[in-house]
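Asks: Each chain is listed here by its residues.
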Amino acid sequence: MEHIVIIGNGISGVTTARHIRKMSDKRITIVSGETDYFFSRTALMYIYMGHMKFEHTQPYEDWFWKKNNIELKKGFVTTVDHTNNQLIFESGETLSYDKLVLAVGSKPNKFGWPGQDLDGVMGMYHKQDLENLEKYAPDNQTCKRAVVVGGGLIGIELAEMLMSRKIPVTFLVRETSFWNGVLPAGESGMINRHIRNHHIDLRLETNLKEIIADENGKAKAVVLQETGEVIECGMVGLTAGVSPNISFLKDAGIELGRGIKVNEYLETNIPNIYAVGDCAEQHQAIGLRRPIEAVWYTGRMMGETLAQTICGNRTAYKPGHWFNSAKFLDIEYQTYGWVFGRPQEYEQQFHWKHEDDTKCITVSYHKDDRKFLGINTFGIRMRHEIFDRWLTEERDVDYVMQHLAEANFDPEFYTTYEKEVLQAFTNQSVTV
Amino acid sequence: MSNKIDHSMSLANPNAKGVSIKQKIALAIGFIGFFILVLALFNTSFPNQGIFLSLSLVLITVGTVLYANDAYLTKLKGIKNDGVWFTSISSRGVLGWLTGVALTSFYIVLYFYPQLLGQGVDGAPNGGLIGLFDPLSMLLSGRPASQWFVYGTLYTIAIIAFGYKFILKYRHNRYQQLRTISVMFFQLGFAFLIPEFMYVMNADIPYYDLKNMWPLNYYNFDQYRIDAFIKTETIGMAFLAFGILSIFVISPFLTYKYGKRWYCSWVCGCGGLAETAGDAFRQLSSKKMSAWKIERWLIHSVLVFSVIMTMAVIYTYLGYDPAKYWLTKNTFLISVAIFLTLVFAVVMAFKRKELGKDARYGAIGFFVVIIALVAMHFTGTTNEVFLIKAGSLRSAYGLYIGSIFSGVIGTGFYPILGNRAWCRFGCPMASILGFQQRLFSRFRITTNGGQCISCGNCSTYCEMGIDVRSYAQKGQNIVRSSCVGCGICSAVCPRGVLKLENDALEGRINPTEILLGNDVDLMDFVNKK
Chain A
16 MEHIVIIGNG ISGVTTARHI RKMSDKRITI VSGETDYFFS RTALMYIYMG
66 HMKFEHTQPY EDWFWKKNNI ELKKGFVTTV DHTNNQLIFE SGETLSYDKL
116 VLAVGSKPNK FGWPGQDLDG VMGMYHKQDL ENLEKYAPDN QTCKRAVVVG
166 GGLIGIELAE MLMSRKIPVT FLVRETSFWN GVLPAGESGM INRHIRNHHI
216 DLRLETNLKE IIADENGKAK AVVLQETGEV IECGMVGLTA GVSPNISFLK
266 DAGIELGRGI KVNEYLETNI PNIYAVGDCA EQHQAIGLRR PIEAVWYTGR
316 MMGETLAQTI CGNRTAYKPG HWFNSAKFLD IEYQTYGWVF GRPQEYEQQF
366 HWKHEDDTKC ITVSYHKDDR KFLGINTFGI RMRHEIFDRW LTEERDVDYV
416 MQHLAEANFD PEFYTTYEKE VLQAFTNQSV TV
Chain B
23 MSNKIDHSMS LANPNAKGVS IKQKIALAIG FIGFFILVLA LFNTSFPNQG
73 IFLSLSLVLI TVGTVLYAND AYLTKLKGIK NDGVWFTSIS SRGVLGWLTG
123 VALTSFYIVL YFYPQLLGQG VDGAPNGGLI GLFDPLSMLL SGRPASQWFV
173 YGTLYTIAII AFGYKFILKY RHNRYQQLRT ISVMFFQLGF AFLIPEFMYV
223 MNADIPYYDL KNMWPLNYYN FDQYRIDAFI KTETIGMAFL AFGILSIFVI
273 SPFLTYKYGK RWYCSWVCGC GGLAETAGDA FRQLSSKKMS AWKIERWLIH
323 SVLVFSVIMT MAVIYTYLGY DPAKYWLTKN TFLISVAIFL TLVFAVVMAF
373 KRKELGKDAR YGAIGFFVVI IALVAMHFTG TTNEVFLIKA GSLRSAYGLY
423 IGSIFSGVIG TGFYPILGNR AWCRFGCPMA SILGFQQRLF SRFRITTNGG
473 QCISCGNCST YCEMGIDVRS YAQKGQNIVR SSCVGCGICS AVCPRGVLKL
523 ENDALEGRIN PTEILLGNDV DLMDFVNKK
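Those protein sequence lines, which keep their order, are chains A and B. Residues 16 to 447 in my numbering are what the first sequence lists, from first letter to last. Residues 23 to 551 in my numbering are what the second sequence lists, from first letter to last.
I should point out that these hints are in silico values taken from the structure, not numbers from a laboratory. Accuracy of the hints is not assured; some may be wrong.
Okay, derived cross-link-like pairs now, DSS-like style, lysine-lysine, Cα gap no bigger than 27 Å in a straight line [claimed, not checked]:
hint, chain 1, residue 1, chain 2, residue 2
1, B, LYS351, A, LYS68
2, B, LYS496, A, LYS41
3, B, LYS97, A, LYS368
4, A, LYS68, B, LYS496
5, B, LYS99, A, LYS368
6, A, LYS68, B, LYS315
7, B, LYS102, A, LYS368
8, B, LYS315, A, LYS181
9, A, LYS68, B, LYS99
10, B, LYS411, A, LYS82
11, A, LYS68, B, LYS102
12, B, LYS44, A, LYS37
13, B, LYS351, B, LYS411
14, B, LYS496, B, LYS550
15, B, LYS550, A, LYS37
16, A, LYS81, B, LYS315
17, B, LYS379, A, LYS37
18, A, LYS142, B, LYS46
19, A, LYS142, B, LYS496
20, B, LYS310, A, LYS37
21, A, LYS181, B, LYS44
22, B, LYS310, A, LYS88
23, A, LYS159, B, LYS99
Coverage of chain B stretches by chain A, computed from C-beta distances (three or more under 8 Å per stretch; other residues unrestricted) [stated by the list, open to error]:
hint, stretch
24, 64-76
25, 193-204
26, 506-517
27, 532-542
Quick reminder that beta carbons are idealized off the backbone N, C-alpha and C, glycines included.
Using the sequences provided together with the hints, build the complete structure.
Replies: Structural data, given as structure tokens:
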């Protein structure tokens, strides 16, 4: 029986395994050095915040794997020997495969800052990072202040986590406004204010120069690039993005770029070796997507697709319309289609913000033919299905604004804003 | 929630650690109120009971209100679950267990040893805790208090005070606020005040909480009540008719339109207590597959038991002679058999596929009841069925289900099993409504395309122990008989994935393999297979 080995038990690897099992009785082994069982990485923050225990983040009960005949192997792979179809583990053990799926995920970026490997300096990606955080920042007596470096999705989550334990946070953001490489100015500005309202010490246009150690080699302060200011702290979170976790593959003969190079079938240059999820890098970016997509949803979709190929139905990874979501402290964010932080030359954006400064939307459309291109929504939930359909049907922006109420997904009895939004949109069109 | 900057709070240390000074004061106020009740329990004679009772209830309420104000109004609107699993009382810690033991003991005393609370025996005046409540009872209905009056008062206070806390906790969520106001209203009006006033108007009407329907109020068709209904003529007969309409017409209609939440999360008193005073324990319900299996056997067995018990009770007091009254023992048995067969046949005809394996269990339940009917016919006399007294069947049900299951375990075990243990494992009413909800209702929880990140907040905070995530991560709507529609899964979801909705029956259950957002051809290929 063909033996499929998957390295990585995150959403990409596990989705691949589940779908292979649905279609076949191939032998499947999932290898992980991180945890015994699959857990939701996106939920790590809620464990530290006390919303959930670790076991709650595991989507399947422990019996699930045995029942579905999916073998789990704990250990770190150090070498992939593709000439012998074999994996070699840190412990010296070996494991043979017929097909290998690399779903090894990411690791936090470090940009060569002095002191970046000190004790008390950590990313927020692996379960081990959480354990580290629990060690260095269990409460606001042990850690009187925390510094978070990098204004992206993980950075704001880490800041929220620390605030839940009442640890004061200084949040260093390189850009002029939070996540403005992705979010248009109006939205980004609103999130800046929301961050400050949570009493997070947000420092925009501020870079980390170095991290200073105490006599035990533990971080005790950071120095800022611009001002030279020294901020004393008990821990430093490095959340300036992630990159593929592929250092163990550098001599494996598998073609690497920033990630593991794959074609549209998620195949590497070595037959019978595939890559999915955060670690996969497309030779050719698909549509407006980036070659590396480190997103939960894309990891899952690649897994769904690759399982087809492995089970004999060779299928290209052709994701549908872009979507994503996040939560910035108390403000939920969803996006459907493409809305750019810095509008493309063909792109026109309409921005509406509620007076309470916690809800806003930005609708993007084509300057010339008014075709609807995408929407960002903050503090108002919207329906994935409806926007997916409108994007497929290539509706124009006027249709979308007229029918916005159909897309509302807020709980019952919530105040709705579609009329107000439409009014603002119409007024704007008149003045133009 | 507003982003207007509040400069009054320092950046250095915006919040004190743990419980704040204000919260400590609030707790102290509440405990002084509670302590008055404890003193009364030990037969302290207060100079003016009315004043001390008012003082006690006011202090408890004020303490809870002040605590809630400081806990929630000092923070921005949003989900407030920080530290739930680090707090002793809400994570089965020492305080949780102690609270469980205290509540359980209270229920045992309440149901089985009311004299320990001061209930006067054989016409003797009340003392102790119950005596303390005499002035309030006299004021409302002109009679001395009973253990049930004391319990009802404390129950109502709990729903109102903790309901206020719940409303503040979810002050960004109008669904949560409205349904909480609704349970507060139904508890205060329908369960507490109206029955007292009805007694004042006509002392012969049995206690009737109009929102409580059979089989939750399993005693509704007991002989003494039927006699009383008949005796009080128009009004009594109206109540009896309303009781029958409630279960056969009103509730199926409302459940069809809105799901069983219209009752369980908006009206019901058991649900009301669970959602307010019990809110801190919702995450303790087990989400294991094994718990779901136990749940299905247990709750349906209780339903079968309650149906058979009620039939036996009614059967014994009906007559043999159709000339005296049209509803005789045999007409009754035959009508029940016909009714159940019709329901069973209709379900099998239209929903057999949807039910799948569960159809077999439904059939088992149905045939058990039918066999019981036949057995009743052959063994029944004026007070016996199945060769035992119908009265003993009724007392057994009252003891094991009505008292021990719903009270002692259902509420006493809040801090151990979660706040809906009774609703989930025992309530026969929930079981009937759930059956309707699963098969003939417009209600479902919609999953928003492919947006689920499998984080598990929804499952963790589901008080009914539904593994919501297992549906959401498949892009599948949640259509479950046990769902009481509290809406908390939707509230705690960080990505806006879940929405409680009423819509057409068509496409309500939508299992998918590949989620929205992936290749449309692949979705078609896999999902239509």
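Asks: Look at each hint and say if it fits the structure.
Replies: Hint check:
Between LYS351 of chain B and LYS68 of chain A the alpha-carbon distance is near 56 Å, which puts this suggested pair outside the 27 Å criterion. Our distance criterion of 27 Å between C-alpha atoms is met by LYS496 of chain B and LYS41 of chain A, whose separation comes to about 23 Å. Pair hint LYS97 of chain B plus LYS368 of chain A holds up; C-alpha atoms about 22 Å apart against a cutoff of 27 Å. Restraint check for LYS68 of chain A and LYS496 of chain B: the C-alpha separation of about 23 Å stays at or below 27 Å, so the hint holds.
A hinted pair counts as satisfied when its Cα atoms are at most 27 Å apart, and LYS99 of chain B with LYS368 of chain A qualifies at roughly 18 Å. Restraint check: the Cα-Cα separation between LYS68 of chain A and LYS315 of chain B comes to about 23 Å, which is no more than 27 Å; the hinted pair holds. As the CA atoms of LYS102 of chain B and LYS368 of chain A are separated by approximately 25 Å, the hinted pair is consistent with the 27 Å bound. At most 27 Å may separate the alpha-carbon atoms for a hinted pair to count; LYS315 of chain B and LYS181 of chain A exceed this at roughly 41 Å.
Note on LYS68 of chain A and LYS99 of chain B: the hinted pairing holds, with a Cα-Cα distance of about 24 Å set against a maximum of 27 Å. As the CA atoms of LYS411 of chain B and LYS82 of chain A are separated by approximately 48 Å, the hinted pair breaks the 27 Å bound. In summary, the hint linking LYS68 of chain A to LYS102 of chain B is supported, as the alpha carbons are separated by about 16 Å, within the 27 Å threshold. For the hint pairing LYS44 of chain B with LYS37 of chain A, the CA-to-CA distance comes to about 57 Å; that exceeds 27 Å, so the pair is violated.
A C-alpha spacing of about 16 Å is found between LYS351 of chain B and LYS411 of chain B, which places the hinted pair at or below 27 Å, so the restraint holds. Taking the CA atoms of LYS496 of chain B and LYS550 of chain B, the gap is near 15 Å; set against the 27 Å cutoff, the hint holds. At most 27 Å may separate the alpha-carbon atoms for a hinted pair to count; LYS550 of chain B and LYS37 of chain A meet this at roughly 14 Å. The suggested pairing of LYS81 of chain A with LYS315 of chain B holds, with an alpha-carbon distance near 19 Å, which does not exceed 27 Å.
Taking the CA atoms of LYS379 of chain B and LYS37 of chain A, the gap is about 21 Å. The hint holds against a cut of 27 Å. Simply put, LYS142 of chain A and LYS46 of chain B have alpha-carbon atoms about 36 Å apart, too far for the 27 Å limit, and the pair is violated. For the given pair, LYS142 of chain A sits about 24 Å from LYS496 of chain B by alpha-carbon distance, which is consistent with the 27 Å threshold. Simply put, LYS310 of chain B and LYS37 of chain A have alpha-carbon atoms about 22 Å apart, close enough for the 27 Å limit, and the pair holds.
Among the hinted pairs, LYS181 of chain A with LYS44 of chain B is consistent with the structure: their alpha-carbon atoms are about 17 Å apart, no more than 27 Å. Proximity of LYS310 of chain B to LYS88 of chain A is assessed by CA-CA distance (about 24 Å); at most 27 Å being required, the pair is judged to hold. Simply put, LYS159 of chain A and LYS99 of chain B have alpha-carbon atoms about 26 Å apart, close enough for the 27 Å limit, and the pair holds. Against chain A, the stretch 64-76 of chain B contributes 0 residues with a C-beta closer than 8 Å to a partner C-beta. That does not satisfy the three-residue criterion, and the hint is violated.
Check result for the stretch 193-204 of chain B against chain A: holds, 5 residues qualifying (beta carbon to beta carbon below 8 Å, three or more required). By the rule of at least three residues with a Cβ nearer than 8 Å to a Cβ of chain A, the coverage given for the stretch 506-517 of chain B holds, with 6 such residues. Three residues within the 8 Å Cβ limit are the bar, and the stretch 532-542 of chain B against chain A gives 8, so the coverage statement holds.
When the structure is compared with the earlier hints, violations turn up for hints 1, 8, 10, 12, 18, 24 and for no others.
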